[in-house]
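K.L.:
These protein sequence lines are chains H and Y, in that order.
Numbering follows full-length UniProt numbering, in which position 404 of the first sequence is assigned residue number 404; successive positions increment by one, without gaps.
Numbering follows full-length UniProt numbering, in which position 585 of the second sequence is assigned residue number 585; successive positions increment by one, without gaps.
No lab work stands behind these hints, which were simulated from the structure alone.
Do not rely on the hints blindly, as some may be mistaken.
To be verified - Once the Cα atoms are required to be at most 30 Å apart in a straight line, the calculated DSBU-like pairs of lysine-lysine come out as:
| id | chain 1 | residue 1 | chain 2 | residue 2 |
| --- | --- | --- | --- | --- |
| 1 | H | Lys604 | Y | Lys320 |
| 2 | Y | Lys383 | H | Lys578 |
| 3 | Y | Lys608 | Y | Lys588 |
| 4 | Y | Lys372 | H | Lys563 |
| 5 | Y | Lys588 | H | Lys578 |
| 6 | Y | Lys296 | Y | Lys338 |
| 7 | H | Lys583 | Y | Lys383 |
| 8 | H | Lys569 | Y | Lys372 |
| 9 | H | Lys79 | H | Lys9 |
| 10 | H | Lys67 | Y | Lys296 |
| 11 | Y | Lys726 | Y | Lys442 |
| 12 | H | Lys582 | Y | Lys338 |
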Amino acid sequence: MGRLRVKGKAGAAKNYTTRSSAVKKLQCSLADFRRLCILKGIFPREPRSRKKANKGSSAPTSFYYTKDIAYLAHEPILKKLREHKAIAKKLSRALGRGEWGSAKNLEESKPTYRLDHIIKERYSTFIDALRDIDDALCMVFLFSSLPSNSRLPPELVENCARLAAEWQLYVMHSRALRKVFLSIKGIYYQAEIMDQTVTWLVPYMFTQNVPTDVDIRVMLTFLELYQTLLSFVFFKLFTDAGLVYPPALDTKKDEDGAGVNALVLQDSSRQMVLPTSVPSVEGRQITGKIVRQVIKTIDVSSENSTPDVEMSNAEPTTVEPEEEFVPQRSAFDKTAHAALPTLQSISTLPQTLSISLFSPYVFFLSRETPRPIFEFIVRSFGGRIGWPPSSGSCSPIDEYDPSITHVVVDRPVVTKQETPEQRELRLRRKYVQPQWIVDCVNAGKILLEESYAQGKPLPPHLSPFGEYEGAYIPCEEPSNKERIQEDQEDSAEESEAEEAGEAVNEILAESHDPASLRAAELAAEAAGVDYGAFEATIKKASKKQGKVKKVDLVEDAEGDMNKMMMSNKQRKLYEKMKYSNKKKETERQGLESRKRELQKQKRKAL
Amino acid sequence: MAVPDALRKPTKRKQVDEEDASPEDLQATGSLEMLSDEEDAGDTSSDDGQIDEFPEIFDGSDSDESDFDEDEEDESQEDDEEGAESDDSLHIFPKAKIVVSEITSQPKTVYPEIEPDYDSDSSTEEDPNRVGNIPMHWYDDLPHIGYDMNGKQVLRPARGDELDKFLATVDDSSAWTSAFDKNTQTEKPLTSEELDLIRRLYTNENPDANYDPYEPMTEWFTGKGKEEIMPLSGALQPKRRWVPSKWEKQKVMKIVRAIRQSRILPSKPKATSKFEPYAIWSEPSSSHPPPLPAPKRPLPTNAESYNPPEEYLPTEEERKAWEALDPEDRERDYLPQKYSSLRLVPAYDSFVKERFHRQLDLYLAPRVQRVKLNIDPNSLIPKLPSPNSLKPFPNYKSLQFHHSKSRARCISISPDGAWVISGDESGVVSLWEITVGREVKKWKFEGKIGALAWCPRMDVSYFAVGIEGAVHFIIPPNVDPLVLSLTQSILAPTTLPPPPATPSNVKWITPPSNTWSLDTPILTINLPPSSGLPTHFCWHRRGDYLASVSTGGTQGGVWIHQLTRRHSQAPFKKIKGAVQSVLFHPLKPHFFVATQQYVRIYNLSEQKLVKTLVPGIKWISSMDVHSSGDHLIVGGYDRKLCWFDLELSEKPYKVLRYHSRAIRSLQFHPTYPLFASSSDDGSIQIFHSRVYNDLMTDPLIVPLKILRGHHVTDGLGVLQVKWCPKHPWLVSSAADGSVAVWCS
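Looking at chain H on its own, in the form it has when it is part of the complex (with noise of 0.2 Å):
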């Protein structure tokens, strides 16, 4: 006989606990413990069998592990959350009483928390941090677009906008930026930094309201792990690259409406850090990490060579040192990119092109054009971006800078008298829309111009992250044959025989022995269809069933018999996945029918 187990002391039962219980153990609010939830980040689990973990009653719970529980238990900020509590209860009771003296002391003396060694709790290394950071950018940029009120603080729009401007800073900074995406949510960019891809979303520049169903202090209590996380993402990305944390801002700049422009990027170390450490040449030991080392270093020297230029170029003056320094800059990518092919995997090769794609060319914006996200872009794929004054101040170009190649821009076409001036300005420059820029960074090399004219409808914008595997792809072009064969089928349904071809296909499909197919060709001769449009359905309906019977016939009979004897569990993994598949495959199927159906409805239309 083994040794008497007491019910309730060991397994699940002891392993998880139940939020009530969590919250009695912890003897806080329920309020509090959500507020350690997540600024700890833990969340409840599932257990195998709920009846097991929850005393035998299936009750609807939410079960955490003990563990975790216990783990809260010991927390410094619990400990302040009750610290809280008192002098909370001693304020009230003072304002109650009208002791307006202990009440200001007592407000003064409230306990406040740190959320540091939380943050290193749960990202116990930079990159942990830096991979965890998608969440907290979306956060920090929708915060810095919404109004303030009473729940929420003027101080903390500030910080967000202030967190957000520091971000684009940098990425723009260490040209991280690889893809963007403009949706109808908002706008995803996504960003490589220390070979981790952060994807972030900013809604578009409109105000954005908060509905009432929402709960501001969940979002609050997230925001405020989230503020702390990004400020010590940011400080060591910035003092990894060189330079001050944070970067002053200038807050004449900033009332102006300068955005970016107003943080001061400054050297941590003033002196050039020339990149000592470039690998000389020795043939084929050269991996692709060390190039990419070296293009880092290159692209860092580079900047680091025009720090003040790149970050103080509100003053017109240093306009034209730049403008000097951007051949240099690409003459040094010319010696990284003249060295690629030889060493790197031609995979690579367009990423490391895009890193300066814009850098030739210099943008304006016109007015329409929504300034920060396209001056973000621009800037980070090394292009230079003036704007008029009405889209804030500090911008580096003039309108009438004839250094300009692009102007962005986003209104049908007006017709208008011009002066001879203005006429030579426009043939100069090109003009495109603001698509143009986003396709050309998703490409990674410069698009022609001329499908993004200005007023010109434009191609469709495809997302950048791709699709699953098998998913429908929009821009592929139908093979030659299946082109024919359209043809073939368009020139059958112009000669008004379809009711006749469609006959032929029934009885194909009915049978496939010759005699069945001299039937469906005297058919198709009573019915007045030429001999080659018969040939030719002919063809396409053995081809495709030819596959599908010997499918049919041979292997899904024993298949489907072979199906009997699985296990109940396959079975229904099994079932599952013939599902799934069966649904990716209708979507695209019908994706690519409608195709189909739009492209006849506009051959006719021509």
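Dock chain Y against the given chain H, drawing on the hints supplied.
P.N.:
Okay, now just chain Y, sitting in the frame of chain H:
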């Protein structure tokens, strides 16, 4: 408390304290006695300033309160002065005048003379009725109502009837302000004072018109000019009153020292609200493993673009379907939209909500780590040998035999594999050749044919037919004479075996030999009445015993008939559950009994239960045992087929569920490694079932073929399948009356 005394004498300390503590009490008492002591207002001025002498009674901490009290007192004093002025104007009593006496040359108060006229006193008023305050109903029966001053009767005044009263009230405008005076027995108008009193009582006011609830406090002992300047007692002040306390000093100095040494911070330094980041990752992290990162949101696809290809845009139906769905059920949380240019793109209205839901997911949703299977689903299908390599097995329908009217319930095949008998529900049993399908002979019985079974012996040839309450034994036509004679000698021996010791209620009847014909049974076993239709027959391999299962009857309806002894016995006295099927073990003296949910194996020689198998089927329909005797298949009406390895456990080795309707019948092929099952879905499933001799290898079951061709009528499909013993051929009977032969 006699207030004038207290005022004139120097008051005691204790009293002063009391008065300080309760100014309201003082005021109350003052107001009560104010009327009588009006004259003393001037006299109290001589006692000014006595109280101020002893400030040490107030603690430092109470200074605020004392100030407050003083203020209050000042105010009340001012109020008092004002009140005194207004008092004079309000006074209804005769005003007193202060005049300087001519004799003493001191001011004195002179009251006006009271004149005893109508105004002065109500008692002087003339009242004719002088009876006094007595109950007036004493005079109710008398013509007078009392007596006047001179002792003469006062006669009752004339009073009209009710109408007069009413008219009087209508005429007289003051009637509603008058009341009935009992003393004079007349209506008397109320005076204005009385009316005012009534009004006050009615409105819950103080009935006294002159009462002032907000009377200023009369200051008797406090206030300006009344401060006591002399100590209350002549005793010397103790030293502690004027020497600073040593202990207090020590305590204070302790605190001061602590503050100087900054052990006590008078006001804590404010927590620095400014948060400064630092290099948090420069020091090594703890060995504690970091929690798993939260899953990221899926990246946007082409459909989310502001300018997607046109095929992504939803059609009108799709849009409606999307809007009709609950937000939780939607596959996508947005509808693809197309904008011709970037400036037309509006704000996304549920941006905040989406972020919020993401955060709810982060802290409220349980996370489960799942391994994503990236395999071809077809690889999950077990790899089995191809059916082509497992030939022969029945492949096609070679011929069909029809029972014209009703369901072909049962079939049996002769042991040499050349003949088939099939019976239907109308009582017809047909004998036909398996290769040709031609009917050779037909027998007609009363009622349904429940079961048919051909004797497995090769040297004799006969079969058993089960109908309601009886089992008939019939010899087929065209039998070899040798075989015929042997069969006849077995079924109808010339010398009957001795009857059993215990008389049985089962009757074995053989008609006399001169009446034998091919159409009539040579032997009939009459089962006991109410035993019902025999539904299942099972021959022992030697051909001597026949087990039958009937629908009704006691003992589960199971009988074992022994032909040589012409004796039937019921093996079970009582059996739990309805018996569905029975089987003889092919090698051992074991007997399988399938009840509704269990299969029991009995040892017939030892007369005991060997094993109970639990197939887990709700209702067993049929079973068969493999010719090796080690494997058993059980089919059920709940579509399951269980394969038991009898060497192993009492749970099935494999459970298959492939028929879409109830399994009706199944059988192992006696020689080939095949078994077949038939179902109400009208199909027959053929399996290859190889059983290995070594115990380590599991039996191999390969589905080979699904035979279709029978029609489902009334929800019933193929009712029975039987294998041809010599060939891999199958015979099946169906509810549509057809019997088919399936050949390889």
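K.L.:
Against this structure, judge whether each hint is valid.
P.N.:
How the hints compare with the structure:
no.	hint	result
1	Lys604(H) / Lys320(Y)	28 Å, holds
2	Lys383(Y) / Lys578(H)	18 Å, holds
3	Lys608(Y) / Lys588(Y)	14 Å, holds
4	Lys372(Y) / Lys563(H)	22 Å, holds
5	Lys588(Y) / Lys578(H)	48 Å, violated
6	Lys296(Y) / Lys338(Y)	27 Å, holds
7	Lys583(H) / Lys383(Y)	26 Å, holds
8	Lys569(H) / Lys372(Y)	16 Å, holds
9	Lys79(H) / Lys9(H)	29 Å, holds
10	Lys67(H) / Lys296(Y)	25 Å, holds
11	Lys726(Y) / Lys442(Y)	25 Å, holds
12	Lys582(H) / Lys338(Y)	28 Å, holds
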